[in-house]
Structures are given as structure tokens and as C-alpha cells.
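Asker: Going line by line, the protein sequences match chains U and H. The first sequence runs 1 to 182 under this note's numbering. The second sequence runs 1 to 350 under this note's numbering.
By construction, these hints were calculated from the structure, which means they are not laboratory data. Where hints are given, some of them may not hold.
[To be verified] Here chain H is said to cover these stretches of chain U; the calculated rule only asks that three of the stretch's residues, wherever they fall, bring their Cβ under 8 Å from a Cβ of chain H:
#, segment
1, 39 to 46
2, 71 to 82
3, 94 to 105
4, 134 to 144
[Said to hold, decoys possible] Some residues of chain U that are not near chain H, with every Cβ distance over 12 Å (derived):
#, residue
5, Val53
6, Thr89
7, Ser154
8, Leu155
[Stated by the list, open to error] Simulated restraints on C-beta separations:
#, chain 1, residue 1, chain 2, residue 2, range
9, U, Asn74, H, Ser216, 29 to 35 Å
10, H, Gly277, U, Gln169, 45 to 51 Å
11, U, Thr152, H, Gly171, 50 to 56 Å
12, U, Ala84, H, Pro232, 55 to 61 Å
13, U, Leu166, H, Gly342, 52 to 58 Å
All C-beta atoms, glycine included, are put in the ideal place defined by N, C-alpha and C.
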Amino acid sequence: MHKRVLGRRNWIGGPRTALLVIFGLLGWVALLGAAEPTDRPKLFAYDLFFRHVGESQSAVAQTALTFNRADFQNTYDLSDAVFAELVRTATAYTAAVATIDAKAAAIVTSAKARYRVSGTAKGPSVPAAPPELQDLQQQKEDLIRTTLSSLTGSLGSAQFAYLTYLLMQHVSVQPAPAGTPQ
Amino acid sequence: MKFILAILMFAGAAGAQHLYVYSDLQTDGAGNATATASSTTDYNTSYYYDLLANEWLWFRPDNSSSDNLVCSQGAATGYYNYVSVLCSGNVGSTSGTFTLESYHDLDTVYYYYQLQPCTWECSYYDDYYGYSFIYNPNYTDNTYIYAYDQATPIAQVTAINASLYKQAHQGSCVYPTSETTYGWGWDYAYWPYLGQFLQVLSGGTFNGRYVQEAFSGSPSDTCWRPQNGGTPITSNPSPGQWYVSSIVGAGTYSPYYLFSYSNGWGYDNLGFVGSNGSTRLYNYVTNMRPSNGMCSITYTQNMYMFCSGFSGAGQYYTTYNPLAIYIAATPSAASLTVSRSGTQIQRNYP
């Protein structure tokens, strides 16, 4: 009978454990004061949507018949004018978010390359995500909110609400585990 | 592990982790189709997990029972918070249905290490989120007990999955020309006074299509009497929707065994369910008008088939299907009969 012994030894008890648990509980206390933004699904949906529209405008996409504008406009019930505004918004967004993405990717890449099994370092424990990632996430979500505010102004709130309704039919949100992946 | 506990508790509080997925299927009516599928997550989650996305685009010609692969594409990224796949193809002018299936994963590959020797009992050490704590093979802790350099990594995968499914039809849609109803029996496992009917469509191949019922007018209920309490049945049930495919099964009514390679759907249920239904049936039988000993509840059903998927355009292929529940009762015996389009099944009550 196999037993997982070493990885779980002495993990309860002692003042050090108590301190660490207190540290963890502080996170939950922080959660009570700063709940996850309720507009996150919409923000991420538009992030995906803007990227899709932005990518579709590349020369490769248009020449390789990989974007059918008429069908896309029909799917989202977009007039030519609204589509043009959407393309302008999406292009500006993808350019702006690329800078933030690049900074985040550098941090993630560095950590994974260093600590993963194929890497060069042995981690003492699961490394905590650096605070810079949280800051970058905040910057990105602020960018999306600003972009959506601008788009709402351009389209009008009724048209924007309708576009959001249609977009959410194409998006699925799946919660990931908050704890140990096992 | 103590660190893990604290970190994970903090990570849990720092914000829930989610996988966000999107797909788009575009067709031009001339055989061209393009499929896009993309996934994203927040930066914090991408620190621990990797994104994957795979898509398959199929085309099933009308009157065919099989799908042909138009294109497929897969992509993975271990270092980024966004992944997108795109593929396209042309199927010519044949009428048929495109189906885009996309599967999106948020994965982490982690390891547990079997520490040697493993004479009397084996011990393991987990690496969470794919981050290496003991960095195979240079395991040096506890060499008093475990030999140096004897940690065997065994990969484990944990994943969050999401999938999206989209359909689009090219060309004019074909619809059934008729429908045959088979009385299949009673749902003895759950609701013994609920009759079940199976249907087989004719006029083409409709596997993968969806049918939905709609009702005309209001039901008629001649069974209700004031002494029953409650109210008569005056509203139609919520419309049901069914997927058309092959069906096979053994029923209690002729044909006792039904096998159809395609075009089957069901069950269409008719009868009494739940404690309210049981009470209603009991009251209807008990308080039957003594003059004729029979009453009925009737509905008028219309059947609609979608061109593709389970919403949007389509057409009715049968209208004014009579659905009926007949209750017959004398002081010494009672029976229940349910009927769909003239096909009846009957049982005694109770």
C-alpha cells in the first residue's frame, strides 16, 4: 500500500505553522474587503472578442479567407458603421494590451523556466505569484474598462448592451480550482 | 507543505481563478468556413497553469449520417495568458451542417516523486503547480533515510476543461416529410402513469438535428370536477426539445424491440408525474362521473425542426398532432390510456 508520507510530514502544529496559517487567513480577510470584480466575465469576454477582431484584420487573415466579414457582422448584428468602430477599438486595444501582456509574460516565463522540472532551480515551495502580476492585471482590467467606456460612448448604451448580450452567447466561463491541483 | 497551505490560502483569497473561452464559426454559403477558438485567464492563474485550445470543424452533408473533418487545430502555451487557434476549409456547394467543437483546458503538469528505496513502504513528495521542489534527480534531503539521487518523477495532470459547440447550415435545409410514433410503454422505474412514445422521422437523414414541440390553443380537461379540489388543467406544458439520432431499445408495446440507425427521437412523455400528478389522477378516477365512466385531457402538439443547432430558423414538419389522456373508471375497475397521433398505450389503474 503506497503512502504519501514525506510531503505531508509535520504540517500541523508548532508556532511556525500557526504564523503561516495566520498569513493565509489574512488573504481571506483581504478577500472580504476587496471582492473579485463582478464585471470580470464581461471584461475577459471583450478581451477575447477584441483580440479576435484585431487578429482578423491582419492582412494574412483577409487574404487567406479566414475572416468572413459579412457573416461576422450578421452574427453580431453589426452595421458597417458599427463594425468599423469595433475594428478601430479592437485594433487600439490589442496594441495597448500587448505591452502589458509582454511584461506579464516575462514574469511568468521566467518563473516557469526556472522552477519547473525541466528548469534549473529547485524551489523551496510553490512560489507565490509576484505582486507585479496583480498590478499588471489591474492595469489590464482598467484598460478594458476604459476601452468599453469609450465604445459605449461611440455606440450608445443600447447598442453596446445588445452587443454584449450577443457576445456573451459565444463565451463560456469555467472556474478553476483555488487550491492544490491534485 | 506549511508554505503551500499558507500560499494557497492566500492565493484563494487573492481572487478566484477562471478559464474564459470563446469561439466563432463563420460561413459564406459558398463552402468556405472558418473556425476560431480562444482562451484566456488572468495573469495570476497563468503563473500556475498553462492554457490549451483545440478545435475540430466538421461538415455533415444533408442526407448523410457521417461527419467529414474540414480542419482541426491545436495549440498550447505554457507561458502566456492567451491562446487562439484558427482553421478554415472549403466543402464546395453541398448542402449540409458545419459543426465546430472546441475544447479548452487550463492545465498544470505536476509531479510526485517516488522516493527509493521502496522496500517496505513507498513514500512520495508532491510538486504542485508544476513547480519543482526537489528538482529531479538531485534529491538530497533525508539521505539518512532515502538514497541520494533516487527520486523518480511521475507526471500528473490536473485540468479545468471547457468546451463550446457551434453549428451553421449551408444551403437550404431538408425537413421530415412524416413521422411515425411508437407506443413504448410506461415509465415504471420512476412514474408508472407516464406513457412514453418514440418517434422515427422520414424524408431524409436528420441525425444531429433538434426537434421541438409547440402547442396550439389550450388543453381540454373533461375529468375535473369541483369535488376534486384544485383547478382543471388549463395550460400547456413547457415545450420539450429532443436530439435526433439512432435509437435502440426494448419496449413493452409492439414493436417490442425497436432499432433504427437514424432519425429517432424520444421519449415524448404523456401522463402523470410527481405527487401532484398522482393526486390529480387519483381524484380523477375516484370522482369520475358515474353517467359515462370516461373522461379525457387533450392537447394539440406541433413539431418543429431547427435547420441547425437547437435554436433559430427551422420549420414545422407536423402540425395539430393530437395528444390525449383517457381515464376510464367504474366502481370496480379503472384504466389509463395515453395517445399520440393515434398511437395508444394502455394500463390498468392502479
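Asker: All the hints need checking, so say for each whether the structure fits it.
Answerer: Cross-check of the supplied hints:
no.: 1; hint: 39 to 46; result: holds (count 4)
no.: 2; hint: 71 to 82; result: holds (count 3)
no.: 3; hint: 94 to 105; result: holds (count 3)
no.: 4; hint: 134 to 144; result: holds (count 4)
no.: 5; hint: Val53; result: violated (10 Å)
no.: 6; hint: Thr89; result: holds (17 Å)
no.: 7; hint: Ser154; result: holds (22 Å)
no.: 8; hint: Leu155; result: holds (20 Å)
no.: 9; hint: Asn74(U) / Ser216(H): 29 to 35 Å; result: holds (32 Å)
no.: 10; hint: Gly277(H) / Gln169(U): 45 to 51 Å; result: violated (35 Å)
no.: 11; hint: Thr152(U) / Gly171(H): 50 to 56 Å; result: violated (39 Å)
no.: 12; hint: Ala84(U) / Pro232(H): 55 to 61 Å; result: holds (58 Å)
no.: 13; hint: Leu166(U) / Gly342(H): 52 to 58 Å; result: violated (43 Å)
Hint violations for this structure: numbers 5, 10, 11 and 13, all remaining hints satisfied.
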